[in-house]
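Protein chains: 4
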Amino acid sequence: MSIDSSSVDSPTQAVVLVSCPDRPGIVARLAATLDEVGGNILDASQHTDRQGETFLQRVHVSWPSVNPEPEEVHAAMQELADQFQMDWRIHWGHAPRRVAVFVSREDHCLHDLLLLQRDGSLQCQISLIISNHPDLEQVADRFDIPFHHIEVAQSGDPESESRQLSLLKANDIDLVVLARYMRVLSPSFIERYPGQIINIHHSFLPAFAGGRPYHQAYEKGVKLIGATAHYATAELDAGPIIEQGVIRVSHKDSVKDMIRKGRDIERTVLARAVRWHLEDRVVIHAGRAVVFA
Amino acid sequence: MSIDSSSVDSPTQAVVLVSCPDRPGIVARLAATLDEVGGNILDASQHTDRQGETFLQRVHVSWPSVNPEPEEVHAAMQELADQFQMDWRIHWGHAPRRVAVFVSREDHCLHDLLLLQRDGSLQCQISLIISNHPDLEQVADRFDIPFHHIEVAQSGDPESESRQLSLLKANDIDLVVLARYMRVLSPSFIERYPGQIINIHHSFLPAFAGGRPYHQAYEKGVKLIGATAHYATAELDAGPIIEQGVIRVSHKDSVKDMIRKGRDIERTVLARAVRWHLEDRVVIHAGRAVVFA
Amino acid sequence: MSIDSSSVDSPTQAVVLVSCPDRPGIVARLAATLDEVGGNILDASQHTDRQGETFLQRVHVSWPSVNPEPEEVHAAMQELADQFQMDWRIHWGHAPRRVAVFVSREDHCLHDLLLLQRDGSLQCQISLIISNHPDLEQVADRFDIPFHHIEVAQSGDPESESRQLSLLKANDIDLVVLARYMRVLSPSFIERYPGQIINIHHSFLPAFAGGRPYHQAYEKGVKLIGATAHYATAELDAGPIIEQGVIRVSHKDSVKDMIRKGRDIERTVLARAVRWHLEDRVVIHAGRAVVFA
Amino acid sequence: MSIDSSSVDSPTQAVVLVSCPDRPGIVARLAATLDEVGGNILDASQHTDRQGETFLQRVHVSWPSVNPEPEEVHAAMQELADQFQMDWRIHWGHAPRRVAVFVSREDHCLHDLLLLQRDGSLQCQISLIISNHPDLEQVADRFDIPFHHIEVAQSGDPESESRQLSLLKANDIDLVVLARYMRVLSPSFIERYPGQIINIHHSFLPAFAGGRPYHQAYEKGVKLIGATAHYATAELDAGPIIEQGVIRVSHKDSVKDMIRKGRDIERTVLARAVRWHLEDRVVIHAGRAVVFA
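Taken in order, these protein sequences are the chains called A, B, C and D.
Residue 172 in my numbering sits at position 177 of the first sequence, and the numbers go up by one each step.
Residue 32 in my numbering sits at position 37 of the second sequence, and the numbers go up by one each step.
Residue 164 in my numbering sits at position 169 of the third sequence, and the numbers go up by one each step.
Residue 213 in my numbering sits at position 218 of the fourth sequence, and the numbers go up by one each step.
Just chain A, same shape as in the assembly:
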């Protein structure tokens, strides 16, 4: 069953994510359930949280000999779920997610997402790009992605958000990526896409939350700067952290140098987080992101 571990894009494959109160035998029972419906476990990762109360598992399943019958699989899973008080979801390989990318003026993160998607490293469809500035329309055009310029007078402006939300709905968007989008979304916007909005913050959170993190880092005289990809929540820059990275700086680096160096970290950290999300490797539990990388 030789499978590229990062590839789940076949109709005969699926990723199952479960969480339930921990109790003995759960791994064996889930394995048996999937076996009974013809599924073969290619990869499984599990985690039991600190207090030992919650069991989480990600299972990558294939149907090597017969085509899966989704209804049958879902019914079997639901039966198990009822027994174990289990939350579960399944993501079939033939349904790439639909992604909207929000940007402002900087394009280094956007470029990376576009190139990675084109090269097959991000299993998704980038359906549209929304920006509060017109600057990056040309980039969108080059990759044939619809571009929408929606001015945002100030962060959380209801009318702008209403137009953004309409676009997301019309395009059936599963995931919003804030790729250096320099406006803060309102809590009510964010709550419509729980665990479905990924932001890149240009600091090593929780240090330097809020605005102008490189200026803060410069003032503080830190010796490493970082970037953090996290799910957006109502509280600014405080959502579950998916991935972080750092790069070395010194007193020689001006704020401008830090901004330049930081770009490499921002885009790689964001791209990794988006990829993990798309491959159903991330589970939010107790306010933190468990990443089955």
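Just so you know, not all the hints are guaranteed correct.
Where chains are identical, the list cannot tell them apart; a pair therefore holds if satisfied intra-copy or between any two copies.
[As the list claims (entries may be wrong)] Below 20 angstroms or equal to it, Euclidean Cα-Cα: the simulated SDA-like pairs (lysine to any residue) are: (1) Lys247 - Arg18; (2) Lys164 - Pro16; (3) Lys256 - His103; (4) Lys247 - Thr49; (5) Lys251 - Gly206; (6) Lys247 - Glu48; (7) Lys256 - His106; (8) Lys247 - Ala70; (9) Lys215 - Pro201; (10) Lys251 - Gln80; (11) Lys215 - Glu48; (12) Lys251 - Glu214; (13) Lys256 - Pro153; (14) Lys256 - Ile242; (15) Lys256 - Arg243; (16) Lys247 - Asp275; (17) Lys164 - Ala204; (18) Lys215 - Gly205; (19) Lys256 - Ser161; (20) Lys215 - His280; (21) Lys256 - Ser122; (22) Lys247 - Ala281; (23) Lys251 - Gln211; (24) Lys256 - Arg267; (25) Lys164 - Glu146; (26) Lys256 - Trp271; (27) Lys247 - Asp17; (28) Lys247 - Glu74.
It is worth saying that the hints were derived from the structure and are not from the lab.
On a predicted model such as this, the values are computed, not experimentally measured, just so you know.
Let chain A serve as the given structure and place chains B, C and D on it in line with the hints.
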């Protein structure tokens, strides 16, 4: 079942390692087998090799409600193994491995192993220290570890190796750690401890195998130097790699500076490799080390 | 004299690089010479090689009050040089270098160079792109850079190289960047641009020189993969190393995964090396690259 | 003048640190001054701060042909200083600093400092160890360092601090290293040793200042943990940062795992900071540490 993931030192716990030709259903069958003998799977990692021919799995099992009956467990595993042409081994938590550390004059790796073992980070018993120099006897004394000074006229000297092997046998040693031991063991010595001798080489292998790697690195003008922990095999510095690390250097660094900087990498890389081995996280397959870290 | 340390692009600034047999007083004498012609030292870095025989220095000079008179500066420097048997060169800030980028099919390194140049992080003019494949013409067009498709039947093919060299000459090229160009240039080509051709090799040299380094890395089971930016010399993949980087891999990573992960390292390592070259921070001495970063 | 760049321990060598309002010609004048008193510049690093108001330089000088006359050197420097409103200090190579190490119960940082000093990597004399617990006396004994157990009922207890200060004074201590000392020193203690107390904090400051940083990091779900070596100031964990390092963690890591992993970072970061301080590579300016590494 909240368990420190790196702790397997209880009599009601075990780690099972299996490898077999890959075929559908194997994960479910192994889970069912362990379930039937009262075991609860705390953690499981698997890997299928590139050609899809071999399935490898590490399963950390506990017996939460009853004490395990090792004979029963072994019999059940063997039955499964016969069916799947499976190689398997089990390591019970109450049997810490017995380790011999070989050293020469440098003590930074030795110190780390001794301190980590003392702090409970290395689940083993360090039974003896063997050196071709008398220098480090004092260190051994401080930690109350028997120290044996065995001169080695030249690498592979049969008489010295015979004395070393007698000590290993008399002390029932499971693992030999070459902690900057500056002699090369003969192939016949190494073959008596297959996959049981871990060496730290002070370069980023396969670059700079053989002697004086920091001098080689200096001459070459590399910008990163490294260290590699690997299993010793008959071919020098070519055995399966368990762990590697690097640190940045520049033209400012003399060979002496590189040696100093390299020490930090050598000891942390070696300690990590030894820990993973002791926790049964390493499986050698097709000449490479699969590390279920 | 507050100056962005990475900015030398003003007509009243210059970078002076010197090398000479080491002897006492040289730093003071060079400082005095530049002072006498109105120059103010913004930044100076020096290095004396291991055997203590050669002194190397990079000095970043500005003329804060009067415009420099290049002839006067050059004459003063030459007088000093004669006295100290000094090799020296000066690069005035108003003369950005002219760069040719060679590519094949992969565009991740090319994209980075183009974006960085556009953002002002690479002080140069990218004058043309040469490729042995037509694929990336569209990328060149987007950035309005002339693109030349020159087929290369096999590495070192004299007719192709002759056409390439004509283009370099016609465009007055100062620096050739091999941005994942998959042909080997002939020694006679390379010798026409000594210390002026930067290549990115997709491994941590000297490990895995030659073809298919990620396949080699996979076979070997290394735990880190890397990239190396170096000056091209007649001997393949053996020229002075400017910069290196690594990223962690595991047994889970297929060759394809390594190729994907490696891209991030390749492009950042190459971009850093090119930037340092353009800022006159790299001096080749005794076969190694001294980088005054 | 081949010199190990990190070695300044000869009576014919010195490190000069200067800071003054920036103005053209200062580098040349300082070089000339040192030249006139027979000094040869082995290495010089300078930095001009952001606002361009302050010039900082570290100069490593040797007297290759004659023994230096300290009075003459000091007089020449003072004359220059008067002219340029310069703060300056000189540290002669034959005067290793006298260091006191404060510890509590954990010994990983202490061990590293002791081993590095013994190996010649830290140019100092470790004169005494002070602890609020008796546990590490045995370690001190092994290295023949006087050990003083001074109970500290609570952080800042005046009587305990008075005893500690007496010991520092009696031993003519130049540098205090807080090597995982778990008490907070009072502002009045700290103000007696401005820029002479180095602390290791077990987090990536400014994230997780204060107590139990690994617990905070665990709760927050960060993907990297760090350590920060900084000068102690009256404000807790807010002094100038000398060095920082990070290591990767995941949801698999318990707080206990983080503590274990963090130890490697803490000790290497602290050792590096102490070494740089001892080599006069650190200058505090405008609340930040400039490190001429």
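Hint check results:
{"no.": "1", "hint": "Lys247 - Arg18", "in the structure": "between (55 angstroms within a copy, 18 angstroms between copies)"}
{"no.": "2", "hint": "Lys164 - Pro16", "in the structure": "neither (34 angstroms within a copy, 48 angstroms between copies)"}
{"no.": "3", "hint": "Lys256 - His103", "in the structure": "both (12 angstroms within a copy, 18 angstroms between copies)"}
{"no.": "4", "hint": "Lys247 - Thr49", "in the structure": "between (48 angstroms within a copy, 14 angstroms between copies)"}
{"no.": "5", "hint": "Lys251 - Gly206", "in the structure": "within (15 angstroms within a copy, 34 angstroms between copies)"}
{"no.": "6", "hint": "Lys247 - Glu48", "in the structure": "between (49 angstroms within a copy, 15 angstroms between copies)"}
{"no.": "7", "hint": "Lys256 - His106", "in the structure": "both (16 angstroms within a copy, 17 angstroms between copies)"}
{"no.": "8", "hint": "Lys247 - Ala70", "in the structure": "neither (62 angstroms within a copy, 31 angstroms between copies)"}
{"no.": "9", "hint": "Lys215 - Pro201", "in the structure": "both (14 angstroms within a copy, 8 angstroms between copies)"}
{"no.": "10", "hint": "Lys251 - Gln80", "in the structure": "neither (52 angstroms within a copy, 30 angstroms between copies)"}
{"no.": "11", "hint": "Lys215 - Glu48", "in the structure": "between (40 angstroms within a copy, 19 angstroms between copies)"}
{"no.": "12", "hint": "Lys251 - Glu214", "in the structure": "within (13 angstroms within a copy, 33 angstroms between copies)"}
{"no.": "13", "hint": "Lys256 - Pro153", "in the structure": "neither (35 angstroms within a copy, 40 angstroms between copies)"}
{"no.": "14", "hint": "Lys256 - Ile242", "in the structure": "both (7 angstroms within a copy, 17 angstroms between copies)"}
{"no.": "15", "hint": "Lys256 - Arg243", "in the structure": "both (9 angstroms within a copy, 17 angstroms between copies)"}
{"no.": "16", "hint": "Lys247 - Asp275", "in the structure": "between (41 angstroms within a copy, 17 angstroms between copies)"}
{"no.": "17", "hint": "Lys164 - Ala204", "in the structure": "neither (30 angstroms within a copy, 43 angstroms between copies)"}
{"no.": "18", "hint": "Lys215 - Gly205", "in the structure": "both (15 angstroms within a copy, 17 angstroms between copies)"}
{"no.": "19", "hint": "Lys256 - Ser161", "in the structure": "neither (36 angstroms within a copy, 36 angstroms between copies)"}
{"no.": "20", "hint": "Lys215 - His280", "in the structure": "between (33 angstroms within a copy, 12 angstroms between copies)"}
{"no.": "21", "hint": "Lys256 - Ser122", "in the structure": "neither (30 angstroms within a copy, 25 angstroms between copies)"}
{"no.": "22", "hint": "Lys247 - Ala281", "in the structure": "between (41 angstroms within a copy, 14 angstroms between copies)"}
{"no.": "23", "hint": "Lys251 - Gln211", "in the structure": "within (13 angstroms within a copy, 31 angstroms between copies)"}
{"no.": "24", "hint": "Lys256 - Arg267", "in the structure": "both (18 angstroms within a copy, 10 angstroms between copies)"}
{"no.": "25", "hint": "Lys164 - Glu146", "in the structure": "within (19 angstroms within a copy, 48 angstroms between copies)"}
{"no.": "26", "hint": "Lys256 - Trp271", "in the structure": "between (24 angstroms within a copy, 14 angstroms between copies)"}
{"no.": "27", "hint": "Lys247 - Asp17", "in the structure": "between (52 angstroms within a copy, 16 angstroms between copies)"}
{"no.": "28", "hint": "Lys247 - Glu74", "in the structure": "neither (62 angstroms within a copy, 29 angstroms between copies)"}
The earlier numbered hints that this structure contradicts are 2, 8, 10, 13, 17, 19, 21 and 28.
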